[in-house]
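Peer 1: Line order of the protein sequences matches chains A and B.
Residues 937 to 1050 in this note's numbering are what the first sequence lists, from first letter to last.
Residues 190 to 300 in this note's numbering are what the second sequence lists, from first letter to last.
Misleading hints may appear alongside valid ones.
What the hints assert, rightly or not - Only pairs whose alpha carbons sit at most 25 Å apart, straight line, appear in this in silico PhoX-like list of lysine-lysine:
| hint | chain 1 | residue 1 | chain 2 | residue 2 |
| --- | --- | --- | --- | --- |
| 1 | B | K260 | A | K1037 |
| 2 | B | K206 | B | K246 |
| 3 | B | K246 | B | K260 |
| 4 | B | K258 | A | K1037 |
| 5 | A | K991 | A | K1009 |
| 6 | B | K207 | B | K260 |
| 7 | B | K254 | B | K207 |
| 8 | A | K991 | A | K1014 |
| 9 | A | K1047 | A | K1037 |
| 10 | A | K1037 | B | K246 |
| 11 | A | K1047 | A | K1014 |
| 12 | B | K254 | A | K1037 |
If you're looking for bench data, these hints aren't it; they were derived computationally from the structure.
This one's a predicted model, so the numbers in the text were calculated from it and none came from an experiment.
Residue-level listing of the chains:
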Amino acid sequence: AQTVTQSQPEMSVQEAETVTLSCTYDTSESDYYLFWYKQPPSRQMILVIRQEAYKQQNATENRFSVNFQKAAKSFSLKISDSQLGDAAMYFCAYRGLGTYKYIFGTGTRLKVLA
Amino acid sequence: EAQVTQNPRYLITVTGKKLTVTCSQNMNHEYMSWYRQDPGLGLRQIYYSMNVEVTDKGDVPEGYKVSRKEKRNFPLILESPSPNQTSLYFCASRDRNYGYTFGSGTRLTVV
């Protein structure tokens, strides 16, 4: 069975600095999708970034980028130039290509310090 | 605006009183799903649906029912709620290749 692990329950970063959130996963599938979701205090779940496992290039969305290491089964999220609005819970998620099910990690709470 | 709408946003009910949380999407997505979010456990899938009249159990289906009579609607039914179903619930929909779009969540308290 697939699993997703976020080993950092909480992290802090100074405004304008860079922070990296870790995510590891376990799967026997070769094709899959990986996601990072942001959940601010409003509790809305917002898709931040998506990575297809068959793509070697790391996904980037403005200040958000990932470091996807397929062999190591690692999928970290880097937030550059952190802003107060980045403070939220961040969830890593996995979906196999042929399955309907998403597997979510337990989340990392990010605090941004002014 | 493309969105998933779920109602109500907050609900307090008593043990055993049947309730329904509604979910509707306007994106013509085939896939819809219900999740519950609990502290320290992340999001766990309750039920999902691949299309009209096609549903299947997720990881934590006990005590819940769903139906998918129309493509846009996917209500979650608690026939006899219990306190251990107190949680934050999310409905979500997606197309084949993209990530889920989530509703704004329903905070359910069962006393």
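Peer 1: Run every hint past the structure and note whether it holds.
Peer 2: Comparing the hints with the structure gives:
1. B:K260 - A:K1037: Roughly 19 Å between the alpha carbons, so the hint for K260 of chain B and K1037 of chain A holds.
2. B:K206 - B:K246: OK: K206 of chain B and K246 of chain B at ~23 Å, within 25 Å.
3. B:K246 - B:K260: Holds. K246 of chain B to K260 of chain B sits at ~18 Å (cutoff 25 Å).
4. B:K258 - A:K1037: Answer holds: K258 of chain B to K1037 of chain A is near 21 Å, not above 25 Å.
5. A:K991 - A:K1009: Given that 25 Å is the threshold and the Cα spacing comes to 14 Å, the pair holds.
6. B:K207 - B:K260: holds (24 Å)
7. B:K254 - B:K207: The hint holds at about 11 Å.
8. A:K991 - A:K1014: Since the Cα atoms of K991 of chain A and K1014 of chain A sit roughly 18 Å apart, the hinted pair holds (cutoff 25 Å).
9. A:K1047 - A:K1037: Cα-Cα ~30 Å, so violated.
10. A:K1037 - B:K246: Roughly 10 Å between the alpha carbons, so the hint for K1037 of chain A and K246 of chain B holds.
11. A:K1047 - A:K1014: holds (14 Å)
12. B:K254 - A:K1037: Answer holds: K254 of chain B to K1037 of chain A is near 18 Å, not above 25 Å.
Hint compliance for this structure: hint 9 is the single one not met.
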